[in-house]
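Q: For this one, chain P is given, so just place chain V on it according to the hints.
Taken in sequence, the protein lines are chains P and V.
Under the numbering used here, think of the first position of the first sequence as 1, with each following residue one higher.
Under the numbering used here, think of the first position of the second sequence as 1, with each following residue one higher.
Hints were generated in silico from the structure; no laboratory data involved.
Since the structure is predicted, the reported quantities are computational estimates derived from the model, not experimental observations.
Beta carbons are placed, not taken as given, at the ideal position from N, Cα and C, and that holds for glycine.
Far from chain V, by Cβ distances over 12 Å, these chain P residues were calculated:
{"#": "1", "residue": "Q25"}
{"#": "2", "residue": "P182"}
{"#": "3", "residue": "E194"}
Now the in silico label distances, taken between C-beta atoms and shown as ranges:
{"#": "4", "chain 1": "V", "residue 1": "Q149", "chain 2": "P", "residue 2": "G26", "range": "34 to 42 Å"}
{"#": "5", "chain 1": "P", "residue 1": "Q159", "chain 2": "V", "residue 2": "Q25", "range": "36 to 44 Å"}
{"#": "6", "chain 1": "V", "residue 1": "D142", "chain 2": "P", "residue 2": "R138", "range": "16 to 24 Å"}
{"#": "7", "chain 1": "P", "residue 1": "Q223", "chain 2": "V", "residue 2": "A53", "range": "49 to 57 Å"}
Protein chains: 2
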Amino acid sequence: MKPLAIVLMSGGMDSTVCASWALQQGFEVCALHVHYGQKTQEREAQAFNEICAVFRIDKILDIDISHLAAIGGSSLTDSTIDITKANLESSEIPTSYVPFRNANLLSIAVSWAEVIGAQTIIIGAVEEDGSGYPDCRRIFFDAFEAMIQLGTKPGSHIQIQTPLIASDKAEIVTLGMELKAPLELTWSCYSSSEKACGVCDSCALRLRGFAKAGYEDPIEYDQRPDYI
Amino acid sequence: MKPLAIVLMSGGMDSTVCASWALQQGFEVCALHVHYGQKTQEREAQAFNEICAVFRIDKILDIDISHLAAIGGSSLTDSTIDITKANLESSEIPTSYVPFRNANLLSIAVSWAEVIGAQTIIIGAVEEDGSGYPDCRRIFFDAFEAMIQLGTKPGSHIQIQTPLIASDKAEIVTLGMELKAPLELTWSCYSSSEKACGVCDSCALRLRGFAKAGYEDPIEYDQRPDYI
Numbered sequence: 001m002k003p004l005a006i007v008l009m010s011g012g013m014d015s016t017v018c019a020s021w022a023l024q025q026g027f028e029v030c031a032l033h034v035h036y037g038q039k040t041q042e043r044e045a046q047a048f049n050e051i052c053a054v055f056r057i058d059k060i061l062d063i064d065i066s067h068l069a070a071i072g073g074s075s076l077t078d079s080t081i082d083i084t085k086a087n088l089e090s091s092e093i094p095t096s097y098v099p100f101r102n103a104n105l106l107s108i109a110v111s112w113a114e115v116i117g118a119q120t121i122i123i124g125a126v127e128e129d130g131s132g133y134p135d136c137r138r139i140f141f142d143a144f145e146a147m148i149q150l151g152t153k154p155g156s157h158i159q160i161q162t163p164l165i166a167s168d169k170a171e172i173v174t175l176g177m178e179l180k181a182p183l184e185l186t187w188s189c190y191s192s193s194e195k196a197c198g199v200c201d202s203c204a205l206r207l208r209g210f211a212k213a214g215y216e217d218p219i220e221y222d223q224r225p226d227y228i
Numbered sequence: 001m002k003p004l005a006i007v008l009m010s011g012g013m014d015s016t017v018c019a020s021w022a023l024q025q026g027f028e029v030c031a032l033h034v035h036y037g038q039k040t041q042e043r044e045a046q047a048f049n050e051i052c053a054v055f056r057i058d059k060i061l062d063i064d065i066s067h068l069a070a071i072g073g074s075s076l077t078d079s080t081i082d083i084t085k086a087n088l089e090s091s092e093i094p095t096s097y098v099p100f101r102n103a104n105l106l107s108i109a110v111s112w113a114e115v116i117g118a119q120t121i122i123i124g125a126v127e128e129d130g131s132g133y134p135d136c137r138r139i140f141f142d143a144f145e146a147m148i149q150l151g152t153k154p155g156s157h158i159q160i161q162t163p164l165i166a167s168d169k170a171e172i173v174t175l176g177m178e179l180k181a182p183l184e185l186t187w188s189c190y191s192s193s194e195k196a197c198g199v200c201d202s203c204a205l206r207l208r209g210f211a212k213a214g215y216e217d218p219i220e221y222d223q224r225p226d227y228i
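With the rest of the complex left out, here is chain P (with noise of 0.2 Å):
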């Protein structure tokens, strides 16, 4: 039996990127998708969908944190510190950046982790072009990985794997390539659902890493900057 790898994966270029290359690897994927109610939910998921079919994972956990999310939404909406059940009951959807994301993804695969006996979780920071994120940075995930060690039951072993960490887009580009990882298949834009936008800055990171990496970006755009 191969061992088990949990791919934190959200139907973008990164986490498919490095769910190609822990197939390579010899792992069987178990692939965590989290949605928190961002404006391009659903065409994330049916990317995600997608590029599990393709990869014919069948070990999926698909988690909603959207009340949590609604933290981060409070604080754009309101700069005072009254965060109350009321602001969490309305219907605004949050899109914005929540603090701490990355260790409450990581702690979900951990719980995962634990029941299906994976030792490996995989997570396709970046800690580059992170815009500063501390919770992007390897210094943070060993740490958090010291802190698993403590957390979970003897023996568990869990340990989290960053294969992007030091890479830039136009190398997560090439390694997809190399990797022949269904990058068709992944959803970058922020703003869009119908096509990529190709204006946002999701777009562009992603447009900009396929120019300097030599290849053509194989999804459809509604519009590609003259820069590219």
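A: Coordinates of chain V only, in the frame set by chain P:
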């Protein structure tokens, strides 16, 4: 302005004593309640709300992690490792221990702490009667604290306090009585939502704690075992 402390409050006795202790220490208490579809969830929520009202707490965050808890539930009902989306959609509600539960709870607390600017998180974990759970030991909380420092904004300085970590139930009762904690509003029973059953593990532990401390438990019981 008083410093903020997020207290993980289940509606039970230990966390209520923690909240009383935090108030006595001069904190403004922010109450985090997490439910996950346990049998007595509504009764616990009632206790939690009544306790918040008595303490005049107005910063309240109520989080549902039932999808996460389904991970643990599946492991109880299915000894194979196949956990699929289908299982998670089932209406079966798990009542079991969630592996790595405290890391999940604390991660939510840290997200909230970052947003509201709290530097203290208080959890009523007890190492003594932790049934050997690895995530109830102070050594685990120390590792978690180190991880927080690396995963949050510089200057967040969020700490985890565990005022009951070395106490037994009788000492917790004594502290609660000294602090005039509203123990009459707390709910500990695992199996009933009317009167506390008096015979489940949680009731037995509580009743023994009161007996050993030399106080009468102010809540009503369906029966009180002879050995108390």
